[in-house]
Amino acid sequence: MAVSSGLTNFAQALNAEQLAAVTAPDGPLFVLAAAGTGKTRTLVYRVAYLVQQGVDARRILLLTFTNRAAREMLARAQILVGEQVGGLWGGTFHHLANRMLRRYAPLLNFGADFTILDHDDSISLIKDLITELKLGGKQFPKAEVLLSLLSGAVNRRQALDAAVQRYFEKHPIDPEDALRVFARYQQKKRAQNAMDFDDLIINGLQLLKEHPGVLAHYQEQFRYVLVDEYQDTNPIQADWVDLLAQRHRNLLVVGDDFQSIYAWRGADYRNIMTFPQRYADTRIFKLETNYRSTPEILAVANRCIAGNPHQFQKVLRATRPAHHKPVLVSVADGAHQARYVIGQLVYLRNAGRAWRDMVVLYRAHYHALELQMELTRARIPFTVVSGVRFFEQAHVKDVLSLLRILHNPGDELAFARFLSLLPGVSSRTAAKVWRSLGGRWTAGNAKARSAVAGLLPKAARAVWQTLLPIFETYESLLRKEPAEIIAQFSKIFYDEYLLDTFDDYERRQEDLAEVMEFMAGFASTDDFLNEVALVTNLDAEGDRLAGNAQDSLRLSTVHQAKGLEWNVVFVLWLADGLFPSSRAMLESGEDAEERRLFYVAVTRAKDELFLCAPAMRRALNGGIQFLEPSRFVKELPPDCLRQEKTDFL
DNA sequence: ATAGGCTCTGTTTTT
DNA sequence: CAGAGCCTAT
198 MAVSSGLTNF AQALNAEQLA AVTAPDGPLF VLAAAGTGKT RTLVYRVAYL
248 VQQGVDARRI LLLTFTNRAA REMLARAQIL VGEQVGGLWG GTFHHLANRM
298 LRRYAPLLNF GADFTILDHD DSISLIKDLI TELKLGGKQF PKAEVLLSLL
348 SGAVNRRQAL DAAVQRYFEK HPIDPEDALR VFARYQQKKR AQNAMDFDDL
398 IINGLQLLKE HPGVLAHYQE QFRYVLVDEY QDTNPIQADW VDLLAQRHRN
448 LLVVGDDFQS IYAWRGADYR NIMTFPQRYA DTRIFKLETN YRSTPEILAV
498 ANRCIAGNPH QFQKVLRATR PAHHKPVLVS VADGAHQARY VIGQLVYLRN
548 AGRAWRDMVV LYRAHYHALE LQMELTRARI PFTVVSGVRF FEQAHVKDVL
598 SLLRILHNPG DELAFARFLS LLPGVSSRTA AKVWRSLGGR WTAGNAKARS
648 AVAGLLPKAA RAVWQTLLPI FETYESLLRK EPAEIIAQFS KIFYDEYLLD
698 TFDDYERRQE DLAEVMEFMA GFASTDDFLN EVALVTNLDA EGDRLAGNAQ
748 DSLRLSTVHQ AKGLEWNVVF VLWLADGLFP SSRAMLESGE DAEERRLFYV
798 AVTRAKDELF LCAPAMRRAL NGGIQFLEPS RFVKELPPDC LRQEKTDFL
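Residue numbering for the first sequence follows the working numbering, beginning at 198 and increasing consecutively.
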């Protein structure tokens, strides 16, 4: 139900800085929002404000960093002004691109039912191509390397041949070979009617640039464009935004250059730095009043970021009363660190904190393995915001491959994956079958079904026959009850396959139950398949965590903690080389982004912050490596922190 | 096609 | 040291 109480409502809920931004008149707006200053709140209220002013929600575009963020903001805006917010377009760039391309892909000579290749799919495709082009061999770069090279060039809008030249300077192989792989990769994707993550963005932009009618349509539709986390957009995404907002120029970007942590993925903080120049009539709003953290935590945050080059000057102003200083914990090694953290967790929990009020953050997933074991032993419930994405796990992809071949008869990757599940069928056999079928297979066609049977080795053929009931009946199920297809498949074949193949068979089965549940949230199987590649852990995680609000400790990388907050924050492995990561510094030649990452970690904390600095770790070869405390800790004035030197147990 | 042994490599962040 | 990926023998 709509609440119509005019502006007073907003004035009560917002501070002066926020209110000014929320109620600003039309035109380009730039909200520079430091951590914990109510950035999300401002966006939510802006949406609510617009709707209350009579703007049709369908004419508002809200671009966010995760789909979950969009959903959350939408839900919050709905509480403010009611159902009318429902028609708003919200989500990630990939999500928006997908939505546009589903409609207009034919203009780019793709079918509208194109498949989205996730990271794994892209890798296996490139692997196949390396083999096909006979380029294997141990000095030839791995598919992983090639893909990240390609993606890096694409997202930074660098010429591919130059990027390849540069990369292979130190390699004894011919850069032309890499370019051949890339060329073939593009061809293959087209032939399979497939796009990878980067293609979505690139093709989406191409669609707008080359088809004035389409561009005009969306420019007209989106009277208001709001962009969250603008500091993490890459040049292509920035173009998207500029193009879409060109007509109405009601563009609101929100961000914080201090929190730009995706340069490695092509994000360019210059987008945010130069925004006021690119839009000369921009109104600038600075949010600096922090409601989240204690003054002691903010002091650390302000100090750590102060020396970073090229940034908008801003200082977090505290509103909360003094509490105690963040703790710098010197520990001997990983084991000691785990024991210390667990000791503190238990203490804080006994003092009244819930597990969910606390988080352990780290630079890289493997930094937390040791702690995970100790937490298990201590019977502390925890949830890892995992490195392996839920929908990229082998068993999930196996099952989805069935839906994919039923849905898209040209989906070679899915077909090969599915067939390889059968006994005695490897990727080679699968490829051969696919070729004999002429690169297309329709499950609903009886001839096609027996053609496959004829091409399979004996053992596989027997299993294939047992699967026929699924292929004979899927068509109505696909529309009405796609989960039932998975259930049948499990019963006939896949349960047993799981049991034979994996030792953690039960967990995987539970995952599949979750997949079925998740599917129920989509209007159709098409929608589900068309978007599942874009669903991130966090998207799914948020739902799951919200659903059964079990109380558990969260473990997360700093990257995945972006935008979130906890009462108590532990940061692990603050040692030079680990955090900041030496690899990252080697790649970029500087430590500015790592420092921003540290800043993000620090500013997640509301009440208490523990910075753990181990003195040594097990080295790569089994020996011991001594560590220097992280430069980010050493740079801080000593009186910012309470030093805790624990006994080396 | 697959199992098992051997060698090499080397721990980043993710839409 | 561990895990991945390659090679070889069946």
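Treat the hints loosely; a few may be bogus.
Here are the simulated PhoX-like cross-link-like pairs (lysine-lysine), alpha carbons at most 25 Å apart as the crow flies [claimed, not checked]:
no.: 1; residue 1: K511; residue 2: K842
no.: 2; residue 1: K594; residue 2: K511
no.: 3; residue 1: K522; residue 2: K511
no.: 4; residue 1: K803; residue 2: K831
no.: 5; residue 1: K655; residue 2: K644
no.: 6; residue 1: K331; residue 2: K386
no.: 7; residue 1: K406; residue 2: K386
no.: 8; residue 1: K385; residue 2: K688
no.: 9; residue 1: K324; residue 2: K522
no.: 10; residue 1: K324; residue 2: K386
no.: 11; residue 1: K803; residue 2: K483
no.: 12; residue 1: K594; residue 2: K324
no.: 13; residue 1: K339; residue 2: K324
no.: 14; residue 1: K594; residue 2: K483
no.: 15; residue 1: K655; residue 2: K629
no.: 16; residue 1: K511; residue 2: K803
no.: 17; residue 1: K386; residue 2: K655
no.: 18; residue 1: K522; residue 2: K331
no.: 19; residue 1: K511; residue 2: K483
no.: 20; residue 1: K688; residue 2: K655
no.: 21; residue 1: K324; residue 2: K385
no.: 22; residue 1: K331; residue 2: K629
no.: 23; residue 1: K594; residue 2: K629
no.: 24; residue 1: K385; residue 2: K339
no.: 25; residue 1: K677; residue 2: K324
no.: 26; residue 1: K677; residue 2: K688
no.: 27; residue 1: K594; residue 2: K339
no.: 28; residue 1: K842; residue 2: K831
no.: 29; residue 1: K644; residue 2: K629
no.: 30; residue 1: K385; residue 2: K629
no.: 31; residue 1: K339; residue 2: K386
no.: 32; residue 1: K386; residue 2: K594
no.: 33; residue 1: K803; residue 2: K522
The hints are simulated quantities; they were obtained by calculation from the structure and are not laboratory data.
Since the structure is predicted, the reported quantities are computational estimates derived from the model, not experimental observations.
Quick rundown of the hints versus the structure:
no. : hint        : in the structure
1   : K511 - K842 : violated, 33 Å
2   : K594 - K511 : violated, 46 Å
3   : K522 - K511 : holds, 22 Å
4   : K803 - K831 : holds, 22 Å
5   : K655 - K644 : holds, 19 Å
6   : K331 - K386 : holds, 19 Å
7   : K406 - K386 : holds, 22 Å
8   : K385 - K688 : violated, 34 Å
9   : K324 - K522 : violated, 52 Å
10  : K324 - K386 : holds, 14 Å
11  : K803 - K483 : holds, 21 Å
12  : K594 - K324 : holds, 18 Å
13  : K339 - K324 : holds, 8 Å
14  : K594 - K483 : violated, 45 Å
15  : K655 - K629 : holds, 16 Å
16  : K511 - K803 : holds, 19 Å
17  : K386 - K655 : violated, 32 Å
18  : K522 - K331 : violated, 60 Å
19  : K511 - K483 : holds, 8 Å
20  : K688 - K655 : holds, 22 Å
21  : K324 - K385 : holds, 12 Å
22  : K331 - K629 : holds, 18 Å
23  : K594 - K629 : holds, 21 Å
24  : K385 - K339 : holds, 18 Å
25  : K677 - K324 : violated, 37 Å
26  : K677 - K688 : holds, 19 Å
27  : K594 - K339 : holds, 22 Å
28  : K842 - K831 : holds, 15 Å
29  : K644 - K629 : holds, 18 Å
30  : K385 - K629 : holds, 16 Å
31  : K339 - K386 : holds, 19 Å
32  : K386 - K594 : holds, 19 Å
33  : K803 - K522 : holds, 12 Å
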